[in-house]
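These two chains come separately, so use the hints to put the complex back together.
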Amino acid sequence: MSPGLYIAQQIINGVSLGSLYALVAIGLSLVFGILRMTNFAHGDMMMVGAFAALTIGAAGVPFEWSLLGGIAIGALTGVIVERVAYRPVRGAADVTLLLTSLAVTYILENLGILLFTSSPHDFPIPEWLDSSYEFSDGQITFTQVNVLTVVLTGISLSLLGWFVTRTDMGLGMRAAAEDMQAANLVGLDVNKLIVIAFALASGFAGLAGVLWAAQAGVVEPSMGFTPLLKAFVAAIIGGFGSIAGALLGGYLLGALEVFIVAFLPSELSPYRDALVFSLLIAFLLFRPNGLLRTSREVKL
Amino acid sequence: MSGAVRLLAALIGLAVLAAAAIYAPAVLDDYMVRVLIVMCINAVLVSSLALGNGFTGVFSIGHVGFVAVGAYVSGILALPLEAKASLLPDLPSWLASWYIGFLPSTIAGGLVCVALAFAVGAPLMRLSGHFVSVATLGFLVIVNVVLINADDFTRGARTFTGIPMQTTLPWALGWLVVTLVVLARIVYAPTGRAYRAVREDTIAAQAIGLDVLPTRLSAFVLGAFFAGVGGSLYGHYLGSFSPKSFYLQYTFLLVSMLVIGGMGSLTGSIVGVIAVTLLSELLRNLERGMDIGPITVPPLYGAAQIVLGIIFIFFMIFRPSGALGDRELRLGWLLGRRNSSERT
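As given, the protein sequences belong to chains R and G, one line each in that order. Numbers in my numbering are just positions in the first sequence, counted from 1, shifted up by 941. Numbers in my numbering are just positions in the second sequence, counted from 1, shifted up by 21.
If you are wondering where the hints come from, they were derived from the structure by calculation, not from laboratory data. Positions of the beta carbon are idealized from the N, C-alpha and C atoms, including for glycine. Check the hints yourself; a few may be wrong.
[What the hints assert, rightly or not] Taking CB as the label site, the calculated pair distances span:
1. R:Phe-1200 x G:Ile-121: 39 to 45 Å
2. R:Ala-999 x G:Ala-41: 53 to 59 Å
3. R:Leu-1056 x G:Met-186: 32 to 38 Å
4. G:Thr-180 x R:Asn-1132: 45 to 51 Å
5. R:Ile-1201 x G:Gly-346: 41 to 47 Å
6. G:Gly-177 x R:Phe-1200: 22 to 28 Å
7. R:Ala-999 x G:Ala-106: 50 to 56 Å
8. R:Gln-951 x G:Ile-128: 45 to 51 Å
9. G:Phe-139 x R:Phe-1200: 31 to 37 Å
10. R:Ser-1210 x G:Ala-41: 48 to 54 Å
11. G:Ile-316 x R:Gly-1158: 37 to 43 Å
Next up, chain G with everything else stripped away, as it sits in the complex (with noise of 0.2 Å):
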């Protein structure tokens, strides 16, 4: 395609997706757009993670720190002043006196996290394997620590709450549109060689001249970025939260996804979000409990979770690249063409 096409049918594109955010709610039912807007918050949360975890093989398990952070920060600076003077009685002077709108206050989420990951990736990603999985462990730990023992900013372990409910399906699809352009834009340009090269093999790597740590760190700075930002969203959707809605629960579901849609695959994440939203949307029923004919089943509690986890299991024997691995769903493949433009 050339260059005109392209963006013309990249314009088209994103004229299509903001008439379906807008209309779509006049369409679909209230809890059919509900799932719809956590499907975008959790696919630019799990696309993030795909960024460290898939490209440059660094696998993270402390992602939903940064989605914690990010929610926590953002809530805090958006909470209405007398909500705050209420909540936060113990805040200091000059952030009780602040409040600022939903986009900034999801930007600063995000600008905290940047300079969390550089404090925290900077010795971290020096570690691989086994023990950087351990250590962002630890790290989601202390995140999860903090937020319970600093009360005067978080409300402790109690619920924090009375954060504007501004997450529209509009908001998230357009935060879902900027992530994917800006990590497509660097995955699949000489930055994103450079990440894959230093997964594939890192002695031959730096023996091109690529250093690690820098590499690495970009990417696990960034990956926190969006996180942060997809923490804002998950918070102003919610409304109030704790520090155990960013806990080991949600980072298994967030793991599961990437996994299960592929983790060196931007559209592979998208994938694994519908497939396992899905999933779950259909084994809800199975912890309502329900009536089989003449046979009553109880609601069985952690059933749903069993069974996304054995399919987790078998995805790991039988296809532990993921669904889609390292290809991405192109647009020419959808038509029915044959592709060829370069894989890695």
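Just chain R, with the same shape it has in the complex (with noise of 0.2 Å):
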């Protein structure tokens, strides 16, 4: 096999497992920038997500359809809990929002189980999603849900560009990151802004979540744990908070990851998460505002 093409193959797998990081990511850095939380939950409506398509297409909804109900049903499912829980302790100690986040995804995971037991389940994919290309002889496959997440990722990241630099409220929720205070000041419905952030982050979690099971091919309650846990490591590698940051962070804990079972010892393939965690510890320490930020937080 020729180097060029295994490296090449390594790219192609990278940009794909990227593209849900940065997906997961940037919800993350969406809710962070506006209110200084550290969403738990987060990962848990890419559960949502995926059990919501699941079920609807269960009913013989076309895949199509029942990926926009995912996205949808995991939109609305970050829009309740932030009205239900996260916004009665807006304001209150850092620990308290996280805390509650923890309860949160502590409670839906509990709901997942009580739905749908917590053994996985199979997720079907329709036909025409279920192939794969192969180019020079087979050292270069991927498949079909490869191509739709890298689509799928690169159209709800342009969107989101054009709404967060084009739009009024886009740019009313970048005020409000900026500063909360003085976006109230100036007349901004920053009520709205923070229902609109949760909502654009839970509807690409959801989105995250129908990716992933269709590329895991099953679905489970846990299933939003570890992928949360990555997206926070993208999310602090390119600077917490910052969209642009979650992005570049995203793609390239995704390069790491495959890159760390393609090319090192094979001993230590089993070891990546540990890796990848002691990626997240050094960044924090030595480069807690990421390789995009600036310094703006007082650290301690």
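The following block contains the structure:
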């Protein structure tokens, strides 16, 4: 096998994985940017989206529509959680917000267990999605799901980019992230902006959940946890709270994970997650504002 | 109270506890005794968690990582030699030919956690706020990954079994008393004031000459010691466990006990343990399914956890500092007397 093709294959894998991380990390960063809140329940929106798509799909609805349904129900769940759990504790200590989101995770995951049991469910994908491409005698392969992942991520991120730079609401959201009080003073409806941030973030997570399930072939109540942790790493690498940073961090992390498995000795592969979290800790220590960010927060 | 009276009261209290621990199994049924043992172990873990999370205000989610390390270290050390040869055939020879009893292996588990906490805490205690929580969660994941992959020592994801089930009620209660006495001596002394000063205002604490890092680190390391001890007790109570036993589910349980009881209070930790344990025992029926008159409720797996989560959120909204907050339950208060001693 030629090394050039091998590297090309790894880049394809990295881009596909990185797209998912980027989708989840951007949601984390959107919410953190506005509320300064570490939302542990974000990963569960993936689970909600995937189970919603599964349930809708089981009713005979075509995949395209159940995908949209997954996104919509993910977004809706995010908004409900914000209204019911996060808004009452807004403005409380960091730890209170964080613990509330931890409790929401616990509730949502157990709700998943209650409704769907804790064992994995098969996630059927339609025929048109269940195919793969091969080039150079099978030295480069990728699936239709990989293509869909990259395409949908590209579309959603372009829409997000347009939203935050070209629309009043998007600009308002960035203003609120910059300075919530000032945004309030100039007459922006901060509550509305926060709801929109949660809807966007959770919708992205719902999309990522459906795509994740389509790649893995299964859904289970605890499926959101690992991607959530990875998204934390991605968001922190890029600079927590920055959208561009989360995007960069997502793709960097995806590439890094694929390359750890592909190029480091195989004994290290099982320790991939441990290596990734060591990287997280290193970033928090030496570059807490991420690759893209200049120092803004007081750190003690 | 004068010194002599206090000492006498403490001795009488200890004697009563000892008698209760020894005679309780004769009076109570087996199930109750088991619940009591688990409560004592959880109280060790939650009060040691309170030391770092509550008193120094560095909210770690990685405590259960230390619990796991304590359980595995003491488990490996205390495994009888024959069992060691058959269950862990790939153990390095210096470990394979070694066997120590319950108490020394428990202390060894705690000490390994101390070393680990030094190594992990020295960098992590520089962080604050959400970042320390995310980073300690990362630590928990790393411990879990290492336990699953270090097959030679831990049997990987399979159940680690064969540990002598020696955690009786007197042992568990005894360790709880030791933990509480040590923690109370530290927390309600100048060291403890330094902890709270660092928590309340880091900059002001530095201005009066407190070193933030050593202050936080000492609490983290001491908390880790008792986490290791608690882990060993838990391991010797269960007899068999796997890396999954010491992961997110257990983390959330301990954190909810801590938060519901009150983070800045040792007696609050105990109140939290009792409250959450009672609640879980009551809700356990939900998981079994039951008959209410003519209606049959099917087993609702996860329902108990959902209720606990909702109660947790109610606490966050209406009483974020927990049932007791920074106060301690005092004997004088229990006896209905007004207490004039200092409150911080």
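Comparing the hints with the structure gives:
1. Separated by about 43 Å at the C-beta atoms, Phe-1200 of chain R and Ile-121 of chain G satisfy the suggested range of 39 to 45 Å.
2. Range check, Ala-999 of chain R to Ala-41 of chain G: about 56 Å between beta-carbon atoms, so the 53 to 59 Å window is met.
3. A hinted range of 32 to 38 Å holds for the C-beta pair Leu-1056 of chain R and Met-186 of chain G, which are about 36 Å apart.
4. For the pair Thr-180 of chain G and Asn-1132 of chain R, the beta carbons lie near 50 Å from each other, so the given range of 45 to 51 Å is met.
5. At about 46 Å, the CB distance of Ile-1201 of chain R to Gly-346 of chain G agrees with the hint of 41 to 47 Å.
6. Judged by the Cβ atoms, the range 22 to 28 Å given for Gly-177 of chain G and Phe-1200 of chain R holds: they are separated by roughly 25 Å.
7. A hinted range of 50 to 56 Å for the beta carbons of Ala-999 of chain R and Ala-106 of chain G is consistent with their spacing of about 51 Å.
8. Between Gln-951 of chain R and Ile-128 of chain G the C-beta distance comes to about 48 Å, which sits within the given range of 45 to 51 Å.
9. Distance hint for Phe-139 of chain G and Phe-1200 of chain R: a CB-CB separation of about 32 Å, consistent with the stated range 31 to 37 Å.
10. At roughly 52 Å, the beta-carbon separation of Ser-1210 of chain R and Ala-41 of chain G lies within the given 48 to 54 Å, and the hint holds.
11. Our hint of 37 to 43 Å for Ile-316 of chain G and Gly-1158 of chain R holds, since their Cβ atoms are close to 38 Å apart.
Hint compliance for this structure: every hint is met.
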